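Produce the complete structure using the sequences and hints provided.
Single-letter residue listing:
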Amino acid sequence: MPSNPPEAEYVVDHAIRYKMLLGFAFCAVYAAAYVGFVAITVYDVTLMDTEMPLGVNLGVFYGFGLILLAFALSLAYNFACTLREKATTAAHAKAAESPVSAKGGGDK
Amino acid sequence: MAVMIFLCFVAVLLGLSFYLSSRARSASGYFVADGKIHWAINGIALTGGYLSAASFLGICGMIAFRGFDGYLYSIGFLSGWVVALFVVAEPMRRLGRYTLADALAAKFDNKGIHLAAGVSTLVISLCYLVPQMVGAGVLMEPLVGVPYHWGVVSVGSLVIIIVATAGMTSTTYVQFLKAGLLIIFCTVLVAVTCWRGLDTSPPPRDTRGEIMPPREFGTIGVLREEAGVLVLDAAGSGYTHEKSVREAGSQGNEWVLLSRHEPITIGPDGSCSYIRGGVPVRFSEDSRLMSNLQAEDRSVNPDIGDDGQSPSSVMVNGVNCVLVDGVAHAQVKSWWRMETRADGTTVLREAQHQAEPKAAPAGGDVPDARVGGDLYAMGRIARLPANTPEGPVGPIRLLSVFASPDTEIEVPRTAVVEDDGHPITLYYHETMKGNEFMRPGGHYDLASDSIWPRLDFISLMLALFFGTVALPHVLIRYYTVPDSTAARKSTIVAIAAIGFFYILTLYLGLGAIVNGVLNPQTTNMTAPLLARSFGEVLFAIISSIAFATVLGTVAGLIVAAAGAVANDLADRAFGLSKSERGKVLVAKAASALVGIVAIVLGILLRDMNVGFLVGWAFAVAASANLPSILMVLFWKRTTAHGIIASILVGIFCSMAIILMGPDMFELYGFQRHEAWIPLGQPGIVSIPASFLTIVVVSLLTSDKPSPPLVPIAHG
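Just so you know, the sequences run in chain order A and B.
Residue numbers are given in this note's numbering: position 31 of the first sequence equals residue 31, and the series is strictly consecutive.
Residue numbers are given in this note's numbering: position 325 of the second sequence equals residue 325, and the series is strictly consecutive.
Some hints could be false.
Unchecked claim - With beta-carbon atoms standing in for the labels, derived distance ranges:
1) B:G218 to A:A72: 51 to 57 Å
2) B:F500 to A:P53: 17 to 23 Å
3) A:A72 to B:A382: 35 to 41 Å
4) A:V35 to B:A106: 29 to 35 Å
5) B:R672 to A:V35: 26 to 32 Å
6) B:A106 to A:T82: 24 to 30 Å
Stated by the list, open to error - Computed cross-link-like contacts, DMTMM-like style, restricted to lysine to aspartate or glutamate with a CA-CA straight-line distance of at most 25 Å:
7) B:K433 to B:D449
8) B:K433 to A:D49
9) B:K333 to B:E226
10) B:K433 to A:D44
11) B:K433 to B:E410
12) B:K333 to B:D233
13) B:K243 to B:D233
14) B:K433 to A:E51
15) B:K333 to B:D420
Source of the hints: derived by calculation from the structure; they are not laboratory data.
Remember, predicted model here, so these are calculated numbers, not experimental data.
Here a beta-carbon is modelled for each residue, glycine too, at the ideal position from N, C-alpha and C.
Okay, structure coming up:
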């Protein structure tokens, strides 16, 4: 964890905003897929009989797909967040070394 | 055997729980030590906390009885975690708050908020507790052999004792063990199910899973109707048409009562029985008559009874019998469902039912079955598509076989008819095509033109999507590691484990049909009964894990509810019990009270599917808490009054719709269509209503906008 409060605030705040927007975006992607499932069912439930690859019907295929999508999105989210956190921490470390380059930094 | 494994398992879990709690007390705060838990272990523990009895027992049962609609719950339960991970967890984490009440208290210190948050925690906990109690009772019945209500009472008391003595201690390792074992053994169960594979004539079993002698359920063709009497084909020879009864309700079946004279045989132990469907059925046992019978020839006795009546009528063990060709015959009645086939012909199919214990008074008719074990387990694949051999089957292939329109699946259904003023519950097989069974709409009639099933379905999916985050005991579990990266990773482990488990539940439900182990009286025993068909050991293990799941979840919920009463209601809202000691006393009393209420409701709601009940808990949680959580995190102008109003409107709306809806009306003893509100799932109305309330009331009461809580983290 950063030890210098002003820089810490700047760095952490940046990652938070990024993570929040990313979270909203991923949630929206998942919600769209979820709404698609509900919409197909409500529109015409017999569409769920359609045979998909592997011989299973659309209902099972979509259901498994939603579970896998949740997993894939969470992996991607974690990957992106970890990368960003590392980058911002590195940026912070760099900023701490050369105070001039840090926005809002300078003298304590 | 099963009882021993069960008791050992519960003892180990309880011991571990108490050991960890005693260590936690000395280590001054278990939550600090929690920081050392590895994210992978924490992730599985999260899974253990989330997979309640409902996920396991309820979903398996609903898939087996209703097909794909049970799986909808799986999809919905998992989707809630996406909302938790992506939207709510991080900002809530930065607030350093774990529950709604905490988060709200951080921003507003308002008595009304504590009151509202306390009430909502209490209501949601109770809604969630009831299905756990039902699950516990259902499990205890076949495992330990105690009646259902005693099962509920003993579980409830056990938990109250645990909570009152051990208090709020983290059960991370217990949850970890439980979830790990659950997933491992369910995987084993699915593997052996696939290995045993497809079978169109599984060995007959009773509703406890014991092997039974094979019994034929007849099918009789109806040729025509003459003056109100059915004329039957050759299969119906010997049967007399007694009467026809139409089941109540708009889509009720036509039921036919047939009777036939069956010869009475006397067994080696002196008991009297008649043959039904190839299986001897014993009836009333009277020691005095028994000894008389034993003195004579046991094989067939033409002259039983010495009541001096006409030779065509005799009494055997207090039951009216007739003599046919010098042999005592009992008049046996059976119920048949009239079914119109696709080719226009009408057939009668035999149903089974349980006679009431008092249904055979002296001089009465033969009771049709003994109480309890005599019901046969139901469900099977009646016909496989062409070129599909029986025997081992791959997991993907199993799903495609089930979804084929050429597959015929038989699933148990229940009907209630009036017979001379007495209601009789009948259990029959409904035959469905595979493609119909494996698409949504088995529970919610989506193929019909009516709008209400569609609204129910949308409503349920909405509640499940938003409900997870709003459950009082879920977000707490997200915070058992202090580092946000570890928390994120463990959530991903949880999503993977929960998702995998929900895929397993689909196989468990379908496997139970293939193996014909469905108990027509309760959907909740499906998974344990499937395990039973693979032997006592697997049955004991699966049941013990399920029981431990119930125990853990119930304890956690009761603590949450008691905490709400002690902190939010008694202390903050009403200013009672200022001292720490008083607070603890209030919490203990509250947990006992909540436990007792849950026991009573658990006994009353016995026949409901526990997954369905949990769906309601999600709906109430999503309506009462979710709007406040989202708004307080992301909308600066939210006010205390807005939150209070939103919580109260959410609770009131969702509970009112549930209590006045068709499912509860059925429980009250009315017909579904008599319900005041035709909507069964409240989410679609109550969630928007609660959102609207918080926005409108906040706008009306916002004189001085309070500072935003996120994302800035000052000092």
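For each hint, the structure was consulted:
no., hint, in the structure
1, B:G218 to A:A72: 51 to 57 Å, "holds, 53 Å"
2, B:F500 to A:P53: 17 to 23 Å, "holds, 21 Å"
3, A:A72 to B:A382: 35 to 41 Å, "holds, 39 Å"
4, A:V35 to B:A106: 29 to 35 Å, "holds, 33 Å"
5, B:R672 to A:V35: 26 to 32 Å, "holds, 29 Å"
6, B:A106 to A:T82: 24 to 30 Å, "holds, 28 Å"
7, B:K433 to B:D449, "holds, 20 Å"
8, B:K433 to A:D49, "holds, 11 Å"
9, B:K333 to B:E226, "holds, 21 Å"
10, B:K433 to A:D44, "holds, 18 Å"
11, B:K433 to B:E410, "holds, 9 Å"
12, B:K333 to B:D233, "holds, 18 Å"
13, B:K243 to B:D233, "holds, 17 Å"
14, B:K433 to A:E51, "holds, 15 Å"
15, B:K333 to B:D420, "holds, 14 Å"
Figure legend: structure checked against the earlier numbered hints; every hint is met.
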